[in-house]
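Top line first, the protein sequences correspond to chains A, B, C and D.
Sequential numbering from 1 applies to the first sequence in my numbering.
Sequential numbering from 1 applies to the second sequence in my numbering.
Sequential numbering from 1 applies to the third sequence in my numbering.
Sequential numbering from 1 applies to the fourth sequence in my numbering.
Read the hints as simulated data drawn from the structure, not as lab findings.
Honestly, I wouldn't trust all of these hints.
Put simply, identical chains are the same to the list, so a pair is met inside one copy or across any two.
[Unchecked claim] Straight line, CA to CA, 20 angstroms or less: simulated SDA-like cross-link-like pairs of lysine to any residue:
| id | residue 1 | residue 2 |
| --- | --- | --- |
| 1 | 229 | 62 |
| 2 | 123 | 157 |
| 3 | 123 | 163 |
| 4 | 123 | 162 |
| 5 | 229 | 61 |
| 6 | 123 | 204 |
| 7 | 229 | 216 |
| 8 | 123 | 57 |
| 9 | 123 | 54 |
| 10 | 229 | 21 |
| 11 | 123 | 158 |
| 12 | 123 | 199 |
| 13 | 123 | 161 |
Every value quoted in this text rests on a predicted model; they were computed, and no experiment measured them.
There are 4 protein chains.
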Amino acid sequence: MDDSQGVTRVHEHGYVRLVEAWGSDEQIVAAARMSTDGAFRGWGTDTEPGDERLLARLWRDRHTSPFEQAGMSLEVRAPLFVVREWQRHRTQSFNEQSARYGALPYDDYLPSIERVLLGGQSKGNRQGSGTAVPHAAAEAWRTELAGLQERAEAVYRLGIESGISRELSRCALTVSRYSRMRASANLRNWLAFLALRLAPDAQEEIRDYARAVATLLAERFPRTWALAKEGMTT
Amino acid sequence: MDDSQGVTRVHEHGYVRLVEAWGSDEQIVAAARMSTDGAFRGWGTDTEPGDERLLARLWRDRHTSPFEQAGMSLEVRAPLFVVREWQRHRTQSFNEQSARYGALPYDDYLPSIERVLLGGQSKGNRQGSGTAVPHAAAEAWRTELAGLQERAEAVYRLGIESGISRELSRCALTVSRYSRMRASANLRNWLAFLALRLAPDAQEEIRDYARAVATLLAERFPRTWALAKEGMTT
Amino acid sequence: MDDSQGVTRVHEHGYVRLVEAWGSDEQIVAAARMSTDGAFRGWGTDTEPGDERLLARLWRDRHTSPFEQAGMSLEVRAPLFVVREWQRHRTQSFNEQSARYGALPYDDYLPSIERVLLGGQSKGNRQGSGTAVPHAAAEAWRTELAGLQERAEAVYRLGIESGISRELSRCALTVSRYSRMRASANLRNWLAFLALRLAPDAQEEIRDYARAVATLLAERFPRTWALAKEGMTT
Amino acid sequence: MDDSQGVTRVHEHGYVRLVEAWGSDEQIVAAARMSTDGAFRGWGTDTEPGDERLLARLWRDRHTSPFEQAGMSLEVRAPLFVVREWQRHRTQSFNEQSARYGALPYDDYLPSIERVLLGGQSKGNRQGSGTAVPHAAAEAWRTELAGLQERAEAVYRLGIESGISRELSRCALTVSRYSRMRASANLRNWLAFLALRLAPDAQEEIRDYARAVATLLAERFPRTWALAKEGMTT
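All chains, full assembly: derive it from the sequences and hints.
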């Protein structure tokens with residue numbers, strides 16, 4: 001729970017931080033063995049296979065309940081449009097910064113020029129991006145967006161300084177404004193989150209967060225991650 | 001399912017529309033009677049009490065499972081900041097308009113001058129509003145907000161017309177932009193939604209939507225609503 | 001909601017009855033079209049494909065949220081060991097007969113001789129059955145079980161008649177005793193239920209109930225069922 | 001995770017064992033402070049109040065989401081009728097011993113004579129017990145139940161030894177047979193579990209398990225428990 005550990009930066013102002021993890025690869029095996037009256041026995045050796053085979057079979061057969069016996073609690077700072085997608089995962093538990101209770105700090109997500117240059121509307125995937133944008137157009141739009149974010153902040157501040165409530169003043173914020181939350185879920189859910197949010201048709205911004213989540217998960221649950229990552233785009 | 005029925009307008013561009021309801025006050029009683037091997041018998045008369053007494057006892061004792069045997073599916077058009085609060089209700093099912101798939105129509109929520117005049121930051125309730133704002137300040141801020149929304153639309157359109165993907169161009173949208181969704185839940189959940197979102201400390205905008213939901217619920221489930229509304233601010 | 005309709009008998013004393021269904025194949029398409037700002041347009045003709053293609057794509061890509069906008073509420077009578085498996089589906093809503101509130105009627109599940117003859121312990125699937133049992137052994141065991149059920153009822157009744165509470169007297173009931181419940185879920189969940197409970201490795205008794213559920217689902221949602229049943233064992 | 005620690009015996013053959021807990025009273029406060037951009041500051045002193053006031057306010061106002069950021073995973077051995085009630089808590093995660101995969105060990109719950117003597121059917125509460133049962137009747141029924149359990153085991157074993165599958169042979173088991181499971185939930189859910197299962201109208205047997213859960217919770221989350229236990233019957 002040391003704040004200096006387990007923090008992964010995402011873009012200029014965002015991050016994912018491990019608050020706490022519980023359970024382990026071994027506990028998942030032990031939970032699965034509940035059905036057969038057994039417990040975790042050990043991982044295999046060069047000559048003798050071990051409980052990694054059970055873990056693999058559980059995963060392959062989508063026998064996912066043992067993966068509910070472990071989990072992670074994370075702290076996340078991300079733009080509102082990313083938070084919106086994240087919170088569609090309804091079996092996670094969230095505690096988010098309230099823009100009604102306090103003014104949101106002035107940090108907005110401004111896509112890098114590299115991101116905009118490759119952020120053209122995809123032809124094949126109507127939801128996605130990935131085609132090239134001419135340099136001048138990319139620069140021009142990015143400058144416009146930066147100007148808009150500045151003006152949005154000005155209108156937001158004007159509201160608050162005029163005595164208008166924070167809840168109403170926030171109408172001026174764009175969805176690129178950063179928010180912060182704790183997100184807690186069991187491993188079954190985190191793996192479902194990653195399957196969707198690491199996929200090539202996910203938006204690049206949330207994929208970057210998903211990669212950070214995957215890194216934290218892999219450190220704590222290396223054998224589970226070794227299984228789960230197959231078939232995922234990482 | 002006639003589109004002309006069950007539509008309640010909310011503010012200038014929003015609405016709540018009943019797509020479908022299932023179950024009934026009588027089915028809730030019948031579900032509760034499952035435990036005692038009985039069924040719905042009838043509502044009382046002037047001289048003889050009936051199943052409204054069972055319904056009241058269930059509600060009072062928070063025996064809420066029978067209220068899961070009925071529900072409503074709604075279509076909602078609301079600003080993003082309202083949708084965000086709405087989707088924190090994790091036992092609802094949502095299908096929402098995708099800003100990645102198609103450009104969001106140019107409709108933003110501009111609070112009425114009456115709303116802004118009474119939308120000053122509350123002193124007692126750090127989250128709320130309700131104190132008076134001087135007329136000049138209210139007018140000035142509202143004009144600024146309208147200008148910002150116009151500029152946001154311009155930057156959004158510029159992005160799309162420059163070939164930048166919709167998913168990236170939407171960084172320019174403010175949280176006052178309208179989205180549209182279907183929200184489906186059982187009655188137990190709708191009543192929990194209303195208890196929170198009709199409350200005086202809820203933001204005025206979502207309270208207006210909650211009132212529209214309450215009206216639809218009251219029409220289809222009048223006896224349940226008669227019980228539930230006590231203790232709620234409506 | 002006519003009791004004479006939609007009742008499917010299962011074994012000697014069990015049944016599945018449709019209480020109510022909501023939504024439709026068309027509403028599922030309409031919910032999916034929410035993302036693209038469209039609505040249900042129509043099913044295809046011989047020469048022109050229609051919305052069945054969208055439905056198929058949703059299903060194939062596991063884009064399951066539109067299937068949450070429809071559902072069924074069922075009444076079920078089944079032995080306790082079947083109810084136990086059923087209630088592991090945690091996103092269903094249940095109202096079950098209470099053995100604390102009233103004595104359970106004297107109906108037990110006695111497997112047919114045909115079931116016992118083919119109910120030998122499976123070798124390949126440690127959970128299952130399916131090998132042959134010698135006729136004499138099958139008859140002998142079935143007779144023993146019938147005698148045990150009779151004695152269990154006698155001990156149960158003795159408790160209740162001696163003034164011992166129903167909640168304590170039920171210690172004498174076997175898991176073959178019948179219970180009754182309402183089970184309500186959206187279509188996404190019913191399809192997940194069927195995928196697990198129609199599968200060859202599910203216990204024969206719950207498969208029989210799952211078949212009854214599938215029949216009701218197919219009547220009301222024929223196009224959805226046509227898609228979903230592929231890959232399921234029915 | 002030492003097996004010798006955190007085990008609480010319940011009745012003759014049952015227990016509750018702490019597998020793991022995560023989060024803490026301090027983490028709950030920190031999650032709540034997320035909304036106000038703060039963190040856990042400290043508990044109060046004699047002269048200066050501290051974060052216990054925030055915790056109390058959260059609890060009183062049913063602002064329960066911070067309590068989802070902590071939890072416990074338990075191993076439980078209990079009779080089937082207790083497991084049935086337990087598993088109605090649908091936001092818990094379960095891994096249970098499978099009677100299809102292996103034969104259940106021969107342990108049944110036989111209520112103590114003291115329990116039966118006070119286990120008469122309640123008059124006021126149709127679900128409960130608590131009135132006196134004559135000594136002779138109590139003894140007689142308990143002897144009958146013990147005999148039935150013995151015979152049930154004999155029929156169960158006869159089935160298995162005759163080659164009849166475990167899944168079918170279990171028809172002979174009574175609901176007093178012991179099962180074993182892991183149950184994992186966040187603190188919000190455990191507190192809801194305790195509110196229902198410690199209550200005077202809960203069955204005595206599950207109350208005994210709830211008391212064991214409460215003890216484990218109190219050790220790890222003493223300040224949360226101090227708040228929550230008010231209004232609960234412990």
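Homo-oligomer pair classification [residue 157, residue 123; C-alpha up to 20 angstroms]: Between. Shortest inter-copy distance 18 angstroms satisfies the 20 angstroms Cα cut-off; intra-copy 40 angstroms does not.
Residue 123 and residue 162: within-copy, between-copy, both or neither at 20 angstroms Cα: between (46 angstroms within a copy, 14 angstroms between copies)
Homo-oligomer pair classification [residue 199, residue 123; C-alpha up to 20 angstroms]: Answer is within; shortest intra-copy Cα gap is 17 angstroms, inter-copy 40 angstroms.
Within, between, both or neither: residue 229, residue 216 at alpha-carbon 20 angstroms: within (13 angstroms within a copy, 36 angstroms between copies)
Alpha-carbon proximity between residue 229 and residue 21, which holds within one copy, between copies, both or neither at 20 angstroms: within (19 angstroms within a copy, 27 angstroms between copies)
Intra- versus inter-copy proximity for residue 204 and residue 123 (alpha-carbon distance at most 20 angstroms): within (16 angstroms within a copy, 41 angstroms between copies)
Alpha-carbon proximity context of residue 123 and residue 161, limit 20 angstroms: between (45 angstroms within a copy, 14 angstroms between copies)
Intra- versus inter-copy proximity for residue 57 and residue 123 (alpha-carbon distance at most 20 angstroms): Between. Shortest inter-copy distance 18 angstroms satisfies the 20 angstroms Cα cut-off; intra-copy 39 angstroms does not.
Homo-oligomer pair classification [residue 163, residue 123; C-alpha up to 20 angstroms]: between (47 angstroms within a copy, 11 angstroms between copies)
Identical-chain pair category, residue 229 with residue 61, by Cα at 20 angstroms: Close inside one copy (15 angstroms) and across copies (19 angstroms); limit 20 angstroms.
Within, between, both or neither: residue 123, residue 158 at alpha-carbon 20 angstroms: For residue 123 and residue 158, the Cα distance is within 20 angstroms only across copies (18 angstroms; inside one copy 41 angstroms).
Homomeric proximity label, residue 229 with residue 62: Cα distance no greater than 20 angstroms: Close inside one copy (14 angstroms) and across copies (19 angstroms); limit 20 angstroms.
Hint compliance for this structure: no hint is broken.
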